[in-house]
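Given next are the chains, with one letter for each unit.
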Amino acid sequence: MSSQDPTIKLLLIGPSNSGKTALLLRYVDDIFDTDNATATIGVDFKVKKVSVKGKPHRLLLFDTAGQERFRTLTSSYYRNAQGVILVYDVSNRESFLSMGHWFGEAETYASPGVIKCLVGSKIDRVGSRTVKREEGEALAKKYGATFYECSSKTRQNIREPFVTTVDRIVDTPQLMDPALLGRRDGTVALRPRTDEEIANSGCSC
Amino acid sequence: MGGTIISPASAAPLPRRPIETNFSRPQTARSAAPISKRPPSILEHPSQSSDSLCRRRDSGLATSITADPPATRRGRIPVFDSSSAVQTPPKTAVSIADGKSIRSQMAPSILSPEDEVLSLKVRSLYDSGVGVGGSDTGSQFSKRTSSALDDGGKRMSRVSRSSFVVGQNSSGDEGIAEEEGAEEGLEEEGIRQVPEEEEGSAVAEEEKSRFARAGGTEDWEDIDGRDVDRYGFINPTYLPSTPTDPAFKGVLPPQATYSRAFAPPKRISTALHLHSTTPQKRIHLRLSPFSNPAPEMLRSPLPGASAALREKEHTRAKKWRDMAVVRKRSERGDEAGRGGGCEWAFVTRDPKLVSRTWKGIPDCWRAAAWHAFLTASAKRRGIGRGDAELIEIYAEFTLRPSADDVQIDLDVPRTISSHIMFRRRYRGGQRLLFRVLHALSLYFLSVGYVQGMASLAATLLCYYDEETAFVMLVRMFELRGLEKLYQAGFGGLMAALEEFEGGWIKGGSVSRKLSNLGIGPTAYGTRWYLTLFNYSMPFAAQLRVWDVFMLLGDPDPVPTTASTRFFAARSTASLNAVACPEEIFEFGGTLDILHATSAALIDSMKEIIVKNDFEGVMKVLTSWIPVKDEELLMKVAKAEWKMRKRRRSRGGSIGGPPGRATLG
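From first to last, the protein sequence lines are chains C and V. If you use full-length UniProt numbering, the first sequence corresponds to residues 1 to 205, in order. If you use full-length UniProt numbering, the second sequence corresponds to residues 1 to 664, in order.
Rather than coming from a laboratory, the hints here were simulated on the basis of the structure. All of these numbers come straight from a predicted model, not from anything done at the bench. Treat the hints loosely; a few may be bogus.
To be verified - A few chain V residues facing chain C, derived, Cβ under 8 Å:
1) Val-354
2) Leu-410
3) Lys-619
Even glycine gets a Cβ: it sits at the ideal position worked out from N, Cα and C.
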């Protein structure tokens, strides 16, 4: 992979066991393996090469732990993320009800203008669905996010959330600012921001 | 294994030969870990499992409170019912950890009624170990807690449904008797309200009788013994984290090809992971900047040595027997004192023991040795409670609600579920895992349950029954710094990682590169430390690290520096102190083995790290590390550890301040 290609940083967030890792694994490696599923500790990292409008890009995907407790660790990963994918489980109403909170997280820690995408996962569980599609749509609309329902098991709608989010990012000039892109690699360490970064992010936390 | 049976109380039973065929584990009435993992010692009467004992206590309790409303009953019992059969001994009030015990006893009232009901529901799913047929029933039972269950259901789908009609109980073993006892207890409590469950349990019983082993902890349905390695993992692969082995593709030095980097050998040869480098390959480890042998650990050592290694482990087991001293007979035996096994002790300061532990504890001695090491550590440092007391507390805690039950229930089915003990939803090992984590979350109430703990508990359950696994966890938390690592806000974890970065890798080329890329230790170290490497390396390698961690994880004995004195002062006071946000986390050398292992891992990936860009480095650091040669891993870790010791004894450090990490 060429390190010259522009990178796009996406973050997956959402409550524990909502299917973030499964979604990512299906999208990046086309694997669906519940036998070996584990809870994510801290943050997982994946890269995928994508082509946007004919130009190669590298997607840096950060998959975060869902347990509330880990937010102190994961919050630093929001920095410089251009997109946030929020995942809930359509068969678990609690997970849907927590999404307001997760949108709040995204707004608190991510840069303003970050592209958001709401994903209802596990739609293959037809019998145990407890969140209607319309509810998801309404919530997404409220927060200005795109919305998809998908199933990592059946592959239904797996690519769409990523593709749409990337497209929207690329179409948003301030998110693709080369000055920001150049520094994007340095986004993992917990280290103090530069004044310029703070000015750019407009976030006081 | 090989049909061996725990020899009833012979004074010095030779440890079972660990390596022979491990596919046919004896069917016993034990409720806990696979018997094959048991050394000659640990504490159990073969026909009367501690588990059933514990449950008997439960039902005794239940009868004493039949007037309570069902929904809140369980939660309120143990604390407020002074007539309860199980009481925390008055002694607790004055023991070191009394602050904790008081907090624990407040537990039930802290929970909201809603949480309490949720907790009750979740716990009832695990209640008897056979009460629920599978996830289907589970999701009918509680929509709110159902989200994790389908995973279990998929595992269940391996179950040939024909067994529901065909199978009849082939053997009326004690396992069944135990179930009946348990169900009785439940009915007395009147919490079996869901009709579907009954059906489930009938099905479950049939299945259990046919495929269960080790008293119901293991489930062998559809499993060919040859596909299970010596540690109980079902081949073809054990993928503890996201299978990112391709991360190593192309970034490893040439001759290593990892198409399936950590696919274990087909048969029990995983048993023989105790490879050492052959004499010709022997490497003298003096880590220098010019020769770095560490990457070799990612390559398979020479094959074909299995017979020799088997013999070697057998010889080692004999040596361990010679070092072991019978501490006491278990009280769990019959009247004549037979059948309970005994507890072993070791002279933990003996240099021979130390060097043999670095070489790896023979698997049949592992449980006994770990337990002995931590017991010795607790005694020496005067921290914590005795086994008996902890076991009583455990029994009491199984009756209380915990706010973390729902989260624990989400994680149980996705914890080493490719292991023979942990495949079956709600039962066997999963049930024990739930109960142990539940109790742990109550014991360290201010810490609660944190993801990552499940890996630790599952590892211990491979070696101990549930009570002893709980005892071991408590000791590890109190004596090995885990309580701090898991503390809310992760201040302890951050301090530990800073201690590692500042004191162990700082100044090297890797450290410079990482800081240039902006990759801090939280990016990779979080899972290393929180799961004690369970997420990041093969089980055989993880066990080797644990061997040493159990033995050498005490704070530095010589209080030479201000920081160690500070630690010593704190360690007596800390348990009474309520954690304050400004708390300074000092580990005083407790985590040195973890640091040394982390340093060794980084050594092994040094070339990759130095040569790659951000993505390549992140990928290797955050993925599964296919350590093929744990012998070499331990040698490198030992070299790192010794180097660190030397520096420290010189009173200073080359690479930075000796871990005076504080919480920022």
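Checklist entry - Does the structure break any of the earlier hints, and which numbers would those be? => result 1
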